Each structure stands twice: as structure tokens, then as C-alpha cells.
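Q: Here's the letter readout for the chains.
Protein chains: 2
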Amino acid sequence: MADLNFVKEIADIDSDFTQWYTDVILKTRLVDYGPVKGTMVIRPYGYSIWEIIQAELNARFKATGHFNAYFPLLIPQSFLMREAEHVEGFAPECAMVTHVGKEPLAEPLVIRPTSETIICEMYSKWIQSWRDLPVKYNQWANVLRWEKTTRPFLRTSEFLWQEGHTVHATAEEAQAETIQMLGVYEEFCKTVLAMPVITGRKSEKEKFAGAAATYSIEAMMLDGKSLQAGTSHFLGENFAKAFDIKFLDKDNKLKYGNQSSWGVSTRLIGALIMVHGDGRGLKLPPRVAPYQVVIVPIATHKAGVTEAAREISAGLQKVGVRVYLDERDMSPGWKFNEWEMKGVPCRIEVGPRDLETGTVSVMRRDTLEKSPLAVKDVKKGIPSLLNKIQRSMYAKASAFMKSNIVKARTLKALGNAVNSKKFALSMWCGDPKCEAHIKETFQATSRNMPFDQTPIADRCVVCGKSAKFKIYFAKAY
Amino acid sequence: MADLNFVKEIADIDSDFTQWYTDVILKTRLVDYGPVKGTMVIRPYGYSIWEIIQAELNARFKATGHFNAYFPLLIPQSFLMREAEHVEGFAPECAMVTHVGKEPLAEPLVIRPTSETIICEMYSKWIQSWRDLPVKYNQWANVLRWEKTTRPFLRTSEFLWQEGHTVHATAEEAQAETIQMLGVYEEFCKTVLAMPVITGRKSEKEKFAGAAATYSIEAMMLDGKSLQAGTSHFLGENFAKAFDIKFLDKDNKLKYGNQSSWGVSTRLIGALIMVHGDGRGLKLPPRVAPYQVVIVPIATHKAGVTEAAREISAGLQKVGVRVYLDERDMSPGWKFNEWEMKGVPCRIEVGPRDLETGTVSVMRRDTLEKSPLAVKDVKKGIPSLLNKIQRSMYAKASAFMKSNIVKARTLKALGNAVNSKKFALSMWCGDPKCEAHIKETFQATSRNMPFDQTPIADRCVVCGKSAKFKIYFAKAY
Chain A
1 MADLNFVKEI
11 ADIDSDFTQW
21 YTDVILKTRL
31 VDYGPVKGTM
41 VIRPYGYSIW
51 EIIQAELNAR
61 FKATGHFNAY
71 FPLLIPQSFL
81 MREAEHVEGF
91 APECAMVTHV
101 GKEPLAEPLV
111 IRPTSETIIC
121 EMYSKWIQSW
131 RDLPVKYNQW
141 ANVLRWEKTT
151 RPFLRTSEFL
161 WQEGHTVHAT
171 AEEAQAETIQ
181 MLGVYEEFCK
191 TVLAMPVITG
201 RKSEKEKFAG
211 AAATYSIEAM
221 MLDGKSLQAG
231 TSHFLGENFA
241 KAFDIKFLDK
251 DNKLKYGNQS
261 SWGVSTRLIG
271 ALIMVHGDGR
281 GLKLPPRVAP
291 YQVVIVPIAT
301 HKAGVTEAAR
311 EISAGLQKVG
321 VRVYLDERDM
331 SPGWKFNEWE
341 MKGVPCRIEV
351 GPRDLETGTV
361 SVMRRDTLEK
371 SPLAVKDVKK
381 GIPSLLNKIQ
391 RSMYAKASAF
401 MKSNIVKART
411 LKALGNAVNS
421 KKFALSMWCG
431 DPKCEAHIKE
441 TFQATSRNMP
451 FDQTPIADRC
461 VVCGKSAKFK
471 IYFAKAY
Chain B
478 MADLNFVKEI
488 ADIDSDFTQW
498 YTDVILKTRL
508 VDYGPVKGTM
518 VIRPYGYSIW
528 EIIQAELNAR
538 FKATGHFNAY
548 FPLLIPQSFL
558 MREAEHVEGF
568 APECAMVTHV
578 GKEPLAEPLV
588 IRPTSETIIC
598 EMYSKWIQSW
608 RDLPVKYNQW
618 ANVLRWEKTT
628 RPFLRTSEFL
638 WQEGHTVHAT
648 AEEAQAETIQ
658 MLGVYEEFCK
668 TVLAMPVITG
678 RKSEKEKFAG
688 AAATYSIEAM
698 MLDGKSLQAG
708 TSHFLGENFA
718 KAFDIKFLDK
728 DNKLKYGNQS
738 SWGVSTRLIG
748 ALIMVHGDGR
758 GLKLPPRVAP
768 YQVVIVPIAT
778 HKAGVTEAAR
788 EISAGLQKVG
798 VRVYLDERDM
808 SPGWKFNEWE
818 MKGVPCRIEV
828 GPRDLETGTV
838 SVMRRDTLEK
848 SPLAVKDVKK
858 GIPSLLNKIQ
868 RSMYAKASAF
878 MKSNIVKART
888 LKALGNAVNS
898 KKFALSMWCG
908 DPKCEAHIKE
918 TFQATSRNMP
928 FDQTPIADRC
938 VVCGKSAKFK
948 IYFAKAY
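Residue numbers (this note's numbering), protein chains in the order written: chain A, 1 to 477; chain B, 478 to 954.
FYI, nobody ran anything at the bench for these hints, they're computed from the structure. If you're wondering where the values come from, they're calculated on a predicted model, not measured in any experiment. Please note that a few of the clues may not be correct.
[What the hints assert, rightly or not] Not everything, but these chain A residues come out facing chain B in the computed CB check (under 10 Å): (1) Phe71; (2) Leu73; (3) Glu103; (4) Leu109.
Note that CB positions come from ideal geometry on N, CA and C, so glycine has one too.
Could you build the full structure based on these sequences and the hints that come with them?
A: Rendered as C-alpha cells:
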């Protein structure tokens with residue numbers, strides 16, 4: 001994963017955030033453009049982050065009683081048609097397989113844009129009795145949605161994700177599952193990605209095609225835009241009716257299953273970059289960093305330097321720290337720049353002068369502070385520093401988000417907020433026309449309605465009629 | 478993963494091995510048929526096995542210096558055309574994406590049947606200098622090859638696999654990588670799957686489309702058929718030339734990269750079943766078993782039984798054993814049958830009578846032997862028993878394979894061997910016509926040419942001309 005052709009040249013984060021993002025993801029070799037328009041290649045440094053995300057989420061899914069499974073990539077076109085809202089939402093962006101070699105297929109097949117339909121088809125086969133419930137499965141898969149405007153991680157034709165699909169005996173249970181998994185995402189983002197999120201219910205306009213209700217986690221990027229980082233859907237009986245998922249209940253009555261589905265994707269990597277980055281490039285929270293520590297030996301021609309660096313590296317590995325010992329034949333300055341851009345949370349410099357006093361020099365990527373650490377304290381001090389960095393990065397991101405949410409009681413205030421890189425928290429009557437008006441006027445969309453619905457005003461921010469919901473508006477990715 | 482509608486009814490393994498296989502994989506809920514012909518749904522019990530395989534292989538790939546990455550699913554049709562042999566081998570079975578929604582695409586896209594072409598396209602962009610080499614990447618992905626005759630795990634349109642793709646400065650290095658990864662597969666099959674394999678080079682006819690040489694691991698199923706369980710290809714400069722992968726070497730000359738690729742798939746699960754199963758169903762080696770131990774409490778209305786069972790379960794989990802405590806409201810006999818069919822390596826029965834003497838009853842799935850074990854010895858005794866079962870299952874499979882390989886010096890002897898559920902080890906002149914003759918006459922194919930080429934005769938087993946190779950023939954999956 002070492003970069004020999006590394007060049008430190010990225011756009012200014014303040015004046016051109018979009019170009020900064022593109023420069024950073026390409027130059028740190030997280031990702032590259034694929035040959036087909038709108039596709040991406042996830043390179044080892046990016047994929048390592050994804051593997052850590054997978055491991056962390058798998059542990060949480062397992063702890064909440066879910067099992068992983070795998071369902072086919074190709075879905076008969078007719079399946080998609082069965083749920084009216086669902087087909088309307090997804091059909092135009094579906095890649096269609098029509099031939100094998102030169103032979104046409106009898107029925108066109110769709111590459112999954114999401115797997116509700118094919119999974120429901122199987123569930124209808126597997127579920128007969130209340131004893132079969134709940135069914136709580138998850139799958140890690142690639143999905144495909146043809147997009148007009150694409151950006152690596154944020155919006156690509158193909159992306160990687162996990163999709164949970166559950167069936168329950170009652171609406172209450174399915175609803176509880178929906179909210180539980182939203183909570184799992186929230187906790188994961190906070191704990192692992194050091195990323196605060198806003199949780200709540202989506203408006204009817206923004207909900208998942210086919211869901212009874214959609215809940216989302218929304219994160220605030222450094223440019224004040226919102227990024228929908230994950231969704232959890234209460235599907236009710238919508239798909240169960242379309243796919244005939246029925247079970248004989250304890251009371252001997254045939255009932256439809258109640259369902260949930262929920263997912264997060266490689267988009268999370270994009271969020272991570274835009275929540276924590278700075279002018280030098282990536283800033284990775286230790287818990288999700290492929291390398292938590294990089295060790296750079298200085299003046300390796302001096303006796304003892306290489307040996308000391310290797311010993312420190314081995315010691316850190318032994319206590320479970322992900323460490324990269326950079327012994328490449330390049331100048332320390334070059335290495336510093338490279339690993340700073342790559343966002344490694346902590347750098348240890350091992351040099352002859354420090355070694356004379358039994359210390360090494362430790363640099364925190366998040367604050368750029370440098371301080372000495374006794375060699376004998378490294379094995380204890382570094383893991384504790386990594387924890388500190390993790391907490392500190394979350395605190396910083398939280399403070400940033402908090403200070404950029406504006407309670408907007410007038411349309412003008414709302415416009416000012418979303419036009420000055422902030423979220424607006426406003427009251428809304430519930431009419432999609434008012435939502436559409438905000439979108440047309442300010443290019444801002446409704447993000448979600450928080451669970452705490454304590455009103456901040458009586459009237460809809462747009463039409464002035466009686467308000468029903470408290471809701472966030474923001475420009476969004 | 479518990480099966481409430483479990484029915485113990487599987488075909489006789491000796492008289493109808495094919496039906497036995499189908500019954501076992503469906504009834505143990507490893508897999509189900511997908512809605513599109515030739516596809517499979519991997520259910521949690523099957524997917525758990527795959528996850529263990531992934532973890533074990535990832536550790537080995539990492540230890541040998543490889544990184545995981547992810548390349549796009551869709552490949553421009555023109556890429557496939559660039560390597561003449563490759564396109565001939567794969568084009569007829571490729572699923573073609575021709576439309577998005579109702580809009581036709583400018584160029585049809587192929588769903589990857591394997592990723593050499595798209596990965597080589599990226600490599601040609603990334604590799605410039607000898608300093609960039611070697612590149613050693615692996616990806617876990619789904620691939621699609623349209624097959625006429627399909628069977629879950631063994632041959633399905635879509636399957637899951639890993640594919641390693643490496644580039645090296647010299648042919649020697651690429652060749653060494655090819656052989657090293659074949660060795661990794663061999664060791665993995667032996668250690669984790671308790672499955673002996675035969676390693677060697679494929680004939681020209683049987684090699685990968687586009688490779689300079691293909692090496693395979695072949696396993697012997699209980700019906701004496703061979704199953705190609707993994708392949709490792711030396712690609713030479715074939716793809717490098719087609720995709721222009723060139724680097725400036727230390728001597729300042731532009732040279733083509735030398736490549737390898739290698740893969741194993743969900744087919745391994747099929748092999749596992751057919752190497753170890755018996756009349757009662759699956760027999761899983763402990764290292765790859767989702768549950769290594771099932772605990773069945775007997776007469777749970779008696780005081781202390783449930784408590785003791787739970788304590789034993791918690792104790793085993795603490796020492797890293799994958800254990801399932803079966804507290805379902807069903808008879809012990811039913812549970813015994815179910816878990817035996819599911820192949821759990823070890824069953825612990827916790828009953829009131831045993832508990833009086835401070836023991837539990839332990840059943841080995843591989844030998845069906847039952848013996849008492851002191852409760853206080855469980856935490857030490859069970860892990861040691863699991864190791865014993867693992868070794869013993871490998872020894873049994875090895876003895877079976879050894880005793881079913883026949884040195885066949887005549888065509889008649891070869892025919893007798895492959896028609897009586899054995900592998901034939903024979904001499905061959907190297908002429909594809911002789912290979913074809915064996916296929917036509919006995920429906921047996923060449924498997925591979927072992928590294929130990931000590932001749933067992935001078936003449937080709939078919940034409941009687943001077944022999945060049947020692948080679949295995951067998952019927953195959």
C-alpha cells in the first residue's frame with residue numbers, strides 16, 4: 001500500500017471543497033475511477049477501511065441476533081413489478097440483462113438495486129408458522145443503480161453495502177427492529193467513525209420506495225451539507241402482501257409478516273473523509289484506520305535506529321495496534337507528508353538524538369501536536385493516545401455539528417442557514433408542496449424529523465399554516 | 478438457524494449419491510434454489526461455512542503479502558475481446574447488460590465471469606516502474622457464468638469466490654507466486670477442510686483460457702469422482718501484452734509485467750460435503766463447522782439440568798469453542814437427528830443421571846462413538862477432542878483417497894479404474910487426441926500432472942508412443 005509516486009498537491013479545502021475531496025481520495029489511493037462511467041475501483045487502502053467497517057458492523061448484527069446469508073444478484077423483472085411504489089422508484093435506474101452471449105433471455109433480468117423483492121420471494125417459501133419468526137438476515141453485497149451524476153463513494157453505479165431484511169409476527173416487533181437497527185448505526189458512527197449523526201424519520205417524499213416509513217442517520221459534512229449515511233425502513237405488510245409472506249399464528253389465523261430492511265454502504269467512507277479531513281488530507285479516527293500508527297526511522301545510518309524502530313513496531317503489534325514501519329528508501333519529510341495526507345492518526349519518529357534520552361517523538365494527526373514519549377512507555381502510552389484521539393475527533397465533529405444547526409422560524413432564516421453551510425431546524429405543516437417549495441427556492445431538501453418533536457414554533461416555515469412536524473432541512477449529497 | 482420443520486429423510490448415500498447430495502444440502506438448509514434457473518441462495522448455515530473459509534484464507538493471503546481490493550462487476554465487452562483465448566473461453570457464457578431501464582447502452586457490458594481483463598486495465602494505469610512491483614491483490618466477489626447443467630455449490634450461474642491477481646517483474650517471480658498460492662490452497666484444504674488434494678499442472682486442453690499454465694488442486698469425492706477445488710494460473714505476459722502493462726525496469730528498459738491469478742469458490746462447500754458426509758448427512762470438520770459443539774439438555778424438568786447445560790455452554794464459549802445450546806421445546810431424539818444431519822462435530826448430552834456422577838455424555842459425529850466426560854474436564858477435554866476429530870477426519874479422507882488411486886498402465890486398466898470410482902494415474906504422450914479418446918470412451922478427463930513426474934511406464938496409455946507426462950484421469954464434477 002506504500003505510494004512511491006506520491007505527490008503532495010491537493011486543492012484548498014476552504015475554497016474548493018469538491019476538488020479537495022476528489023484530490024484526496026485519488027492521491028491517497030483510496031479509490032480510482034472504473035472503466036465504465038460511474039463505477040469505482042476500491043483500492044487496498046480504501047478497502048481496508050471497508051473491511052474494518054464490516055467487522056465492526058458484523059459484531060453488532062450478530063449481537064442483536066442476525067445471521068448473514070447471500071441472495072442472487074439477478075432478479076426477474078416481474079418481481080420488481082409486484083410492489084407498485086418499489087418499481088416506480090427503481091425501474092428507471094436498473095441495469096437489465098437481456099442476453100447470455102448472443103442468445104436472448106426469455107425474461108429480462110435486473111441486477112439488484114436492492115434485494116427486497118428476491119429476498120421476499122424466498123421468505124414466502126421459508127415462512128409458514130409463527131415458530132419460523134422472527135427471521136433476521138443480513139447480506140453483504142454489491143448493488144447497482146444507474147446514476148447520472150456520480151462521485152466515488154458518494155454516488156456510484158455499483159456500490160458495496162449490507163442490507164438487513166427481517167420478518168416479524170407483528171407490526172410492533174418490526175417497528176422495534178427498525179428503530180433498534182437505526183440505533184445500531186448511530187452508535188457505530190459515533191463509536192467507530194467518530195461521526196455524530198442526526199436520527200429521525202424521513203418525509204413521505206424522501207422515504208424508500210415501498211416502505212411504510214423510513215428512518216435515516218444524517219451526518220454533517222465540513223461544507224455544511226448533509227449526507228444520508230444509512231437508512232432503516234419499516235416496511236409494514238407492503239412487501240409481504242406483494243410476495244405472499246404469510247404465517248399461521250398461535251391463534252391459528254393466517255397473517256401477513258411485518259418487515260424491516262436497513263442498510264449502510266461504502267458511502268460511509270465518503271462521509272468519513274468529509275467529516276474529519278483538513279488541508280493536509282485525510283484524518284482517520286483510530287478505530288477505523290487501516291494503520292493506526294506509522295513509525296518513521298530517522299537517520300537510519302546511525303547505530304541502533306533501525307533496531308529500535310523495529311522493536312517498537314513489534315511491541316505495538318503485540319498489544320493489538322495496527323502499525324506500519326516505514327523503512328522505504330525515502331526522506332523522512334516525504335514520508336511525513338504522505339502519511340499525513342493518508343490520515344494515519346499517529347506518527348512515531350525514531351531518531352538517534354531522541355534515542356539518546358530514551359524517547360521517541362509522537363505526532364498526533366488530528367491536532368498536529370508533537371511530543372516526546374519514553375520508549376518504555378510506548379506500549380501503554382500509544383493505545384491510550386489512540387483512545388484519546390478517537391474521543392477528541394468525535395468531540396470536535398460534534399461541536400461543529402451543534403454550532404451549525406440553526407433554528408429557523410422563517411423561510412428567510414431557513415434560506416440563510418442552508419446558504420451559509422448550516423442545517424435549518426424548522427416547523428413544517430406536512431404538505432409536500434411546502435417541502436417542494438424549499439427545494440426549488442434553496443436547493444435544500446428535508447433530511448429527517450427527529451424523535452424529539454418538541455415544537456420550536458406553531459406555524460409551518462413555508463405556508464404559515466399549523467405546524468405538524470419539526471424537521472431538518474439542508475443541502476445534501 | 479434452528480430448524481423447526483426438520484424432517485429426517487435423505488436418500489441412501491450408497492445407492493444414490495446424487496440424490497443424497499441434493500437432499501442433504503436442502504434439508505440441512507445450507508442452500509436453496511434461487512428464482513432464476515441455475516442460481517442459488519446461500520442460507521445462514523451455508524454462509525457461516527463460507528465466512529469461516531474467508532477468514533482462514535484472508536489470514537493466509539495477508540501472511541503472504543496480499544491486499545484485498547474491489548473491482549467493478551461490469552466489464553466493457555471490448556475488454557474481453559483483447560485476449561483471444563480468453564474471449565473464446567468465456568464469451569458464450571457471459572451475461573450481457575444491454576439496457577438501463579428502457580434505454581439501450583452504447584456498448585454492451587459483461588457481468589464479470591472472472592476479472593483478469595478489468596483488473597489488467599487498472600494495473601496498466603497504476604504500474605510504471607519496477608518500484609511499483611510486485612502488485613499482489615485479491616478480491617472477494619460474485620461472478621457469473623451461465624451454465625447449462627447446474628447444482629448448488631458445484632456449478633451455478635452466480636457463485637462467490639476470491640480471485641488473486643498479481644504482477645511481477647519477472648516470469649520466475651510470477652511462476653513462484655503461482656506455485657506458492659497453489660501451496661496455500663493445498664495447506665488450507667488439509668488443515669481447515671480436512672480434505673486431501675492432488676496438486677499438479679493441467680493439460681493444455683483443461684487450462685484457463687488465456688493462461689500460460691494452469692495448476693489445480695483436485696479432491697476425491699466419496700463417489701470416486703474428482704472435483705477441481707481451486708486453480709492457480711501462471712499468465713506469463715499474455716494479459717500484460719493485451720492490456721499494455723509495462724514497467725521501466727532497473728536496467729532502464731521497458732518490460733511487460735508477468736502475472737498470476739488464482740481462485741477458490743463456494744464450490745469448496747460442495748467438496749466438503751462430498752468428501753466427509755455419511756448416511757446420516759453432513760460431517761463437518763471442527764475447524765470449518767459453524768457450530769463445533771451442540772449441547773442437548775435431557776429431562777429439563779429435573780432440577781439442575783438447564784443450569785448445568787448453560788454453565789457448560791458459557792464455559793466452552795469462553796475457551797473459544799463455537800457452541801449451540803439447544804433449549805428448544807422438542808424431544809432430545811429429534812435434536813440428535815437434526816444436529817447429526819447438520820454435521821456438528823460433537824454433541825454433549827446433559828442429563829440428570831449423568832450429572833449425579835458429575836459427568837456429561839459426549840458423542841463424536843465422525844465415529845458416532847459416545848463416551849462420558851467429567852464436567853470439570855469439559856473446558857480442556859472438548860477442545861482437545863475437536864482437534865482429535867479434525868486430525869482423524871483428515872486421516873480417514875487421506876486413506877480413502879490413497880486406496881482409490883490406481884496406477885493404470887493400459888487403457889483397459891484406466892477404464893476399469895474410472896468406472897469403478899477410482900482415479901487412474903497413467904502415462905501420456907501429451908497429444909490432445911489421446912486425452913480426447915479417454916474422454917469419449919470413458920467420460921473421464923485429465924485432472925492434473927503431479928509435480929513428482931517419476932514415470933510408472935515408458936509408453937502413452939492410449940497410443941503406445943513414447944510417454945512424456947504422468948497424469949491423473951478421473952470422472953469429474
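Q: Hint by hint, note whether the structure agrees.
A: Checked hints:
1. Phe71: Interface hint status for Phe71(A): holds (5 Å vs cutoff 10 Å).
2. Leu73: 5 Å, holds
3. Glu103: Because about 9 Å separates Glu103(A) from the closest Cβ in chain B, which is inside the 10 Å limit, the hint holds.
4. Leu109: At 6 Å from the nearest chain B Cβ, Leu109(A) passes the 10 Å test, so the hint holds.
Of the numbered hints given earlier, the model fails none.
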